[in-house]
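Q: Protein chains in written order, with our numbering: chain L, 338 to 676; chain B, 338 to 676; chain C, 338 to 676; chain A, 338 to 676.
Honestly, the hints are just simulated from the structure, not real lab data.
Note that this is a predicted model, so its numbers are computed, not measured.
Check each hint, because a few of them may be wrong.
Same chains, same label: a pair holds when it works inside one copy or across any pair of copies.
Stated by the list, open to error - Below, computed lysine-lysine pairings styled on DSS-like, alpha-carbon distance capped at 25 Å:
| no. | residue 1 | residue 2 |
| --- | --- | --- |
| 1 | Lys537 | Lys608 |
| 2 | Lys608 | Lys472 |
| 3 | Lys543 | Lys432 |
| 4 | Lys666 | Lys537 |
| 5 | Lys537 | Lys472 |
| 6 | Lys608 | Lys426 |
| 7 | Lys537 | Lys426 |
| 8 | Lys666 | Lys608 |
Number of protein chains: 4
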Amino acid sequence: MTVRVGVIGTGMIGQDHIRRFTDVVTGAAVTAVTDLDAARAAEVAARVGATVLPNGAELIHSPEVDAVLVTSWGPTHAEHVLDAIAAGKPVFCEKPLATTPEDCLRVVEAEQAHGRRLVQVGFMRRFDAGYRQMKEVLDSGSLGAPLIVHCAHRNPTVPDAYHSAMAAQDTAVHEIDVLRWLLDDEIVSAQVITPRATSKRFAHLKDPQIMLFETAGGVRIDLEVFVNCQYGYDIQCEAVGEEGVVRLPDPASVSVRTAGRHGTAVPQDWKARFAAAFDTEFREWTGAVATGAEPTGPSAWDGYAATVITDAAVRSLQTDGTVVTVGMKPRPAFYGGTA
Amino acid sequence: MTVRVGVIGTGMIGQDHIRRFTDVVTGAAVTAVTDLDAARAAEVAARVGATVLPNGAELIHSPEVDAVLVTSWGPTHAEHVLDAIAAGKPVFCEKPLATTPEDCLRVVEAEQAHGRRLVQVGFMRRFDAGYRQMKEVLDSGSLGAPLIVHCAHRNPTVPDAYHSAMAAQDTAVHEIDVLRWLLDDEIVSAQVITPRATSKRFAHLKDPQIMLFETAGGVRIDLEVFVNCQYGYDIQCEAVGEEGVVRLPDPASVSVRTAGRHGTAVPQDWKARFAAAFDTEFREWTGAVATGAEPTGPSAWDGYAATVITDAAVRSLQTDGTVVTVGMKPRPAFYGGTA
Amino acid sequence: MTVRVGVIGTGMIGQDHIRRFTDVVTGAAVTAVTDLDAARAAEVAARVGATVLPNGAELIHSPEVDAVLVTSWGPTHAEHVLDAIAAGKPVFCEKPLATTPEDCLRVVEAEQAHGRRLVQVGFMRRFDAGYRQMKEVLDSGSLGAPLIVHCAHRNPTVPDAYHSAMAAQDTAVHEIDVLRWLLDDEIVSAQVITPRATSKRFAHLKDPQIMLFETAGGVRIDLEVFVNCQYGYDIQCEAVGEEGVVRLPDPASVSVRTAGRHGTAVPQDWKARFAAAFDTEFREWTGAVATGAEPTGPSAWDGYAATVITDAAVRSLQTDGTVVTVGMKPRPAFYGGTA
Amino acid sequence: MTVRVGVIGTGMIGQDHIRRFTDVVTGAAVTAVTDLDAARAAEVAARVGATVLPNGAELIHSPEVDAVLVTSWGPTHAEHVLDAIAAGKPVFCEKPLATTPEDCLRVVEAEQAHGRRLVQVGFMRRFDAGYRQMKEVLDSGSLGAPLIVHCAHRNPTVPDAYHSAMAAQDTAVHEIDVLRWLLDDEIVSAQVITPRATSKRFAHLKDPQIMLFETAGGVRIDLEVFVNCQYGYDIQCEAVGEEGVVRLPDPASVSVRTAGRHGTAVPQDWKARFAAAFDTEFREWTGAVATGAEPTGPSAWDGYAATVITDAAVRSLQTDGTVVTVGMKPRPAFYGGTA
């Protein structure tokens, strides 16, 4: 049975995911789209044989739509997700789930009231083969309890519109999600310190930043966020346990020896680096939806946690690096917690 | 438009490819299957909602079938492929195309008579991301003309049924195909020399073997085939050009430091190593079939060439390592040659 | 002309350095030794044909001694070094130069009063080929200004006597020295945070620790000190500049593929890891002494700086991770400063 | 006790070794030198405080000389070595021991007649830390019996004077020696095949060449010799055993990520690559001489074997790649053999 997906938001990300449903993932079809830009929606719809609907609400409630993909402008996410829950339909929401913790909690509460999981949030790192191997190693216990994680998130350049808080909100948020999952632990405090800024940035931006997180279990995480590193898109992650260290691999790439150097290419953007992770993310989500199973990817609670933790990091940045406690609600049993 | 695929042969390989058409590749459906073992065919058909047909001929000519996948017993391949050409239907044939050069030539001639390419042979290395990167580097000319290629093809163990000629026919054949493509050059002679045999083999087997090939352009290839290397499935390939060297990567894998060692896991079989290559192979083939384009993967001529070259290698092995000239016909213009 | 070296302290380290003067470094001879343990001194002296002298003072002033090596108990270092300065003789002092900043300053002042450099302190990382390559890369400017340095200093295990302050005093002190040199910058603050402790430690010890340093130029350094990591002795250092990253290599070591793993050995102690650096350290020092040149290795000022900075780190550790400003005097012109 | 070394031949290599005895190795002094170019000899002697002697014979028999280093023109080696044996003095002879097998045998016989080993031949690879680690792994038996060795010996460029036979005589000779030692096995046949020649060579030169060797024990060796590879000096060696593979490391070198590439520098000449091996070679030789022990490095027999095997390789090259049997005498018990 083919899953009929309705897509809210046909911008760059939306189109890329539509391509996945069409060309990469089996068992799904995009049957309806909507966008504030009606012309763009029409063009995309024509390409894949979908219907254009006037707005998110009509799309969500359309009998042609089994499941919803939300890739619209961030501030509209919560409303569409709440609407999908009201309609009892599975919904995949690109990050962020909502722009405030309060709105995230409204989703969390609505989903609990509904009684089963409908929401998956688009954190794709959990679907990357390398992170999954790391998790296998950590979960096996062969390295003992994890104690420290060292991470780096580097990007060649960012445009002028990228401001200092986005280092947490848009960039570090990926590590925040994947580390909570990797460690099966909660982040309880955040601190952001700012090294000398690179001269290769727009003047208003604090870049690089070093973010320090502590988990409930006492694991310490240091994360370098450097979004104008010039040389490439480079994701590093090393977890230190009581009996050893496991490290995320760089992507496999031919090595070349020429002109006195031996080396490999560094990817230039996140699309190349995480293409396979995106494919797996949508393959598994579609599989779950098709069989009526609850999604196993990042939950509404994970979306809430990411927002609260990034808020704490931003507050630390704005207060010259004070340690900010993450004010997270107790995790409900519904989401694997004890509350 | 969904490509309706008929599958001849529902053994292990056949089932694995059926899974690909069902779960991995979009735009295809398996609509008919056949197998000498009717019970097995019925079971597989039931799983994917396909029709069981009594034999290859009926399957090929069925109006429910747009394209044919041949994964039956090797000696039956040529007949099915010829039949598919007669029916004017695209056919994907697992290696070998045929068990003799003569039968391969019959396919080659039938396809030429038909006037456009219908046949693709199942050499999947050309679809591996690492080999494709190697080809990009070589084709770019940045390393100058290629001069030498060093290869190793290692397998943990083989069963008793694996005999010495299979080192060329079943194992080296993958390098033979991928190197002809990588170098865009033809192999003109073969020589097989036999080191001391490993004690970890069945007594009748010559293992390891070193195969030496020369191309028309003068490139020399050395290929270690070692099918009882115990430690893992390990594929190495290094091309030496006038200004540098390019090397196939090992698969990306987390590195672990523990107990005095720093290292990564070695894959244990070809399925894990080339899973993504198989997926790409069928994705691209399905895409070509769906749009009515000629396939771009290994052709019937490549299937013929592989058979003639492996025959030369086997003859060298059987004559104590004499250099055996490959007696290949001139390549027809139809297949990019000048004859 | 052979440099006649007198050695104060013939314990394990002293003997190892005596072996260097005897077997590894040309142009030097150990002519006199002294030790509180007279029997040990006699035994060592007999082995290398040196005279035993009753105490440091007599050794320093002996006409048989051109230069002094201080490898006695830490609290005695300052006195011997001051004595050597008074005698106008070059002196190599194992770390620490002194156990308090005040005593270090006495040495610094005495040396300035003497008018030329006589003192070298035994920080051997600056002589390691890998760190020297890092410095070359950083000094070349090809990576732009340095912004961040990530380090790890891991040791398999430590004995019960190793206490929490030693993580800074005995372990991190090596990074503190080498990073000041690598960056040509001064450390101005220190902060120590404590992850969950490993279960593989003596109960009184805080292990691992994460030390954060800031330099006058705004470079931020994070240093993991983990002295019960079990798996090996592992030194990591990565400097992030505006246009790229340079990383200290692991020691060259054969790689082995066997039993499903591909890997290399990790060194088990600092002696194996830095043997060549120690050799170079003494080769260069002896060369300078032989030609009457001032030593170019770590100076008395560097010894003072290391003590002040480790003190700041210890204070942070003892105050739950507060940021502690390093209260260093202005650097005199004599030592390359502006004061 | 200082070993007084007399040096015959003060060219580039001679001077480099003299520097080792002076600056690097303890326990030796160069007391006498001689050279056809008397002015050069005088200049070198003045630098190190040695006496100039009129010729090799006087140097060898001088009472000021305990041991002899032969670094003169190749064709004169045998005569000097024979003279040193006649004088009963240890002699270190740079490769080749002699330019013909017959002359090598004269040395072998003279040394046997003398009754104990005096001769060491200058193959330095056996002193390289990486090769020694390889030998440890192979000798441990953990990989089972060795079956195959893959090698490459690459050099950036060679001058016009370098001719095709030198690929065996001057270049491959290092692998020939180190592999005989690594495998503890004898090479019994040689075959040289010639790939397409690089355009980056002088026209008379066959470059690259692939050399195939077989040992008495059945191990097969393939060795790529490529002396105009442009990109660097690159030595590769991989031994394949029944249960695994061990590989020579590249030299440790900082890795740099910049401008889209991640990589390390490749050494540009053999001096940088094997500097430490040369140091160890002379350190161990001096140590043996000083204690009156027989040298443990490459023997006169190894010098003979290298000459016979390179001759076989040259003959194969000159006869279009025929397999040439190595006509080696049985190895005398004196040299660890059974004859």
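Q: With reference to the structure, classify each hint as holding or not holding.
A: Hint by hint, here is what the structure shows:
no. : hint            : result
1   : Lys537 - Lys608 : within (23 Å within a copy, 40 Å between copies)
2   : Lys608 - Lys472 : both (22 Å within a copy, 22 Å between copies)
3   : Lys543 - Lys432 : within (23 Å within a copy, 38 Å between copies)
4   : Lys666 - Lys537 : neither (40 Å within a copy, 34 Å between copies)
5   : Lys537 - Lys472 : between (35 Å within a copy, 22 Å between copies)
6   : Lys608 - Lys426 : neither (28 Å within a copy, 37 Å between copies)
7   : Lys537 - Lys426 : neither (46 Å within a copy, 49 Å between copies)
8   : Lys666 - Lys608 : neither (34 Å within a copy, 45 Å between copies)
This entry does not satisfy hints 4, 6, 7, 8, going by the numbered hints stated previously.
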